[in-house]
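Student: Knowing the structure of chain A, use the given hints to seat chain B on it.
Residue numbers (this note's numbering), protein chains in the order written: chain A, 1 to 337; chain B, 338 to 543.
Keep in mind that the hints are not guaranteed to be accurate.
Straight-line Cα separation of at most 25 Å, DMTMM-like style, residue types lysine to aspartate or glutamate; simulated pairs [said to hold, decoys possible]: (1) A:K88 / B:D435; (2) A:K139 / B:D503; (3) B:K445 / A:D290; (4) A:K192 / A:D205; (5) A:K192 / B:D377; (6) B:K445 / A:D205; (7) A:K103 / B:E506.
Quick caveat, the hints were computed from the structure, so don't treat them as lab data. Keep in mind that this is a model prediction, so the values were computed, not measured.
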Amino acid sequence: MLIKFPKASDCHESDVTPESLYLSRRNVLGAAVAGLAVSSLPRWANAGDAARYADVEPGKAPSWFAEKLPSTKWGAVNVKDEAITPFKDATHYNNFYEFGTDKGDPAANAGALKTEPWSVVVDGEVGKPGRYALEDFMKPYQLEERIYRLRCVEAWSMVIPWVGFPISALLKEVEPTSKAKYIRFETLQDPKSMPGQRSGFALIDWPYIEGLRLDEAMNPLAILAVGMYGRELPNQNGAPLRLVVPWKYGFKSIKSIVRISLVSEQPKTTWQSIAADEYGFYANVNPTVDHPRWTQARERRLPSGLFKPNVRDTQMFNGYSDEVASLYAGLDLRKYY
Amino acid sequence: MRFAVWRIFVFIVIAVWPLLWLYQAWADVLGPDPGKVLVDRLGLGTLVLLLITLSMTPLQKLTGWAGWIAVRRQLGLWCFAYVVLHLSGYTAFILGFDWSQLGVELRKRPYIIVGTLGFLCLLALAVTSNRYSQRRLGSRWKKLHRLVYVILGLGLLHMLWIVRADLKEWAVYASIGALLIALRLPPVTRRIPRLTSKKAPSARKA
Numbered sequence: 001m002l003i004k005f006p007k008a009s010d011c012h013e014s015d016v017t018p019e020s021l022y023l024s025r026r027n028v029l030g031a032a033v034a035g036l037a038v039s040s041l042p043r044w045a046n047a048g049d050a051a052r053y054a055d056v057e058p059g060k061a062p063s064w065f066a067e068k069l070p071s072t073k074w075g076a077v078n079v080k081d082e083a084i085t086p087f088k089d090a091t092h093y094n095n096f097y098e099f100g101t102d103k104g105d106p107a108a109n110a111g112a113l114k115t116e117p118w119s120v121v122v123d124g125e126v127g128k129p130g131r132y133a134l135e136d137f138m139k140p141y142q143l144e145e146r147i148y149r150l151r152c153v154e155a156w157s158m159v160i161p162w163v164g165f166p167i168s169a170l171l172k173e174v175e176p177t178s179k180a181k182y183i184r185f186e187t188l189q190d191p192k193s194m195p196g197q198r199s200g201f202a203l204i205d206w207p208y209i210e211g212l213r214l215d216e217a218m219n220p221l222a223i224l225a226v227g228m229y230g231r232e233l234p235n236q237n238g239a240p241l242r243l244v245v246p247w248k249y250g251f252k253s254i255k256s257i258v259r260i261s262l263v264s265e266q267p268k269t270t271w272q273s274i275a276a277d278e279y280g281f282y283a284n285v286n287p288t289v290d291h292p293r294w295t296q297a298r299e300r301r302l303p304s305g306l307f308k309p310n311v312r313d314t315q316m317f318n319g320y321s322d323e324v325a326s327l328y329a330g331l332d333l334r335k336y337y
Numbered sequence: 338m339r340f341a342v343w344r345i346f347v348f349i350v351i352a353v354w355p356l357l358w359l360y361q362a363w364a365d366v367l368g369p370d371p372g373k374v375l376v377d378r379l380g381l382g383t384l385v386l387l388l389i390t391l392s393m394t395p396l397q398k399l400t401g402w403a404g405w406i407a408v409r410r411q412l413g414l415w416c417f418a419y420v421v422l423h424l425s426g427y428t429a430f431i432l433g434f435d436w437s438q439l440g441v442e443l444r445k446r447p448y449i450i451v452g453t454l455g456f457l458c459l460l461a462l463a464v465t466s467n468r469y470s471q472r473r474l475g476s477r478w479k480k481l482h483r484l485v486y487v488i489l490g491l492g493l494l495h496m497l498w499i500v501r502a503d504l505k506e507w508a509v510y511a512s513i514g515a516l517l518i519a520l521r522l523p524p525v526t527r528r529i530p531r532l533t534s535k536k537a538p539s540a541r542k543a
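In isolation and in its complexed conformation, chain A is listed as follows (with noise of 0.2 Å):
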């Protein structure tokens, strides 16, 4: 299924600002990095799909992965003069607290997650109700690469290539009944593989849950993604499946899916269980409503030097506006943060 986006915001992937303009003496550490990289090829990639982007480590990919990437859409979705974030930023400092609070823990610890073989649970209100081996699962689908910002509640940022599918694809092939109004994800539960899952003193009550109104779910923005930077996900960023909305905070995105359930009531989210006055079910990204800890109308757009700080203004609905503003016509967005 082919979704386009005909919108003002969008542009070509050359249009990407270059990294080397962001980060010279990386620059030149990275060439040497990636010469290093091609030359040791894994099989699946391609020359061009290493050279995508500068510095990535290769994974091992499943072969189900391996098989769909080259028919991939690249750059489905792009964003305007806004440089993407490093490979290594954006893989070692994470916010996956099933790995630990701090933000190398998860890029530390995620490699006892084992994410071969991997089952994902479809209930609810559904007419094809089902337990996928998650090869089975990803079969129907044409994976797209999505360029989206990244806003963490933290006031922090990132520009991330993804590598997914709409959501809308997925309850296209799921069916859901009349009586289906939100869809619920669940992460994995693993105390075993999961080291913050057996702090005691964690404020989590595990599994981590989020959700969506079904017409958000629907919107050809939201995905669930598979992969970044041209290869599968790193197991610290949400592998091997997990939801990317970009209009909305990062800890919606939740990571390592292991069940999606169609509902008709509001899914009780992980942080609105911990601090409902400070994480809303929505979690729009929004500049002019504070966390009531900080200010929300500006973010660190990371990498941030010390001295040269990467400060800009947070942009309503993360940017997005145009797409999802709609979505949300006559709702109280102080009142439904």
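Tutor: Relative to the frame of chain A, chain B by itself:
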């Protein structure tokens, strides 16, 4: 000066951390958001130094060694130095010197208000830490410097309100703080055993 080598040793051990962190930030090993990392480390450093300062008296009671007390003032002043760096880092790297935003934060955010109060108390202790103030204030000096326990409470509250999802680290610091305060309750203090005894020559046989 008594314990000169010991004092210099303590000075170097504490001075080295901010320099190391600054070097790390410059060398690009603190990740994509080095300013935030620096602010966090300096804040935690302040709390750790406060706990170390507060453990000097119990250590002296326990061991009888006067060297602990000899570095207590220095440690307190280091604690103040770290909080000044923490605040400067916050103003520069988090607020980007946006002074109007600082005004907003000071009015709206409880954890910022509590942190600021803690800083003001530390400031009061730092400026009265010299001998002249001790003489001037007499017995009131000791009362004033009991503020350190208030500062500990404010610091822990400041940290608690920043924690988002896992209280483990905070719980460790809070329990150490609670222990150090418990050791100062008279019934507990009387029971602290002396490991080595200086003032008991009769017990020692040459």
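Student: Does each hint hold? Answer for all of them.
Tutor: Now for the hints, and whether the structure bears them out:
Note on K88 (chain A) and D435 (chain B): the hinted pairing is violated, with a Cα-Cα distance of about 30 Å set against a maximum of 25 Å. The straight-line distance between the Cα atoms of K139 (chain A) and D503 (chain B) is roughly 38 Å, outside the 25 Å bound, and the hint therefore fails. Straight-line distance between C-alpha atoms of K445 (chain B) and D290 (chain A) comes to about 10 Å, which keeps the hinted pair within the 25 Å bound. A C-alpha spacing of about 16 Å is found between K192 (chain A) and D205 (chain A), which places the hinted pair at or below 25 Å, so the restraint holds.
Of the supplied pair hints, the one linking K192 (chain A) and D377 (chain B) is violated, its CA atoms being roughly 30 Å apart against a limit of 25 Å. A C-alpha spacing of about 29 Å is found between K445 (chain B) and D205 (chain A), which places the hinted pair above 25 Å, so the restraint is violated. Simply put, K103 (chain A) and E506 (chain B) have alpha-carbon atoms about 15 Å apart, close enough for the 25 Å limit, and the pair holds.
The structure fails hints 1, 2, 5, 6 (numbered hints given earlier, in ascending order).
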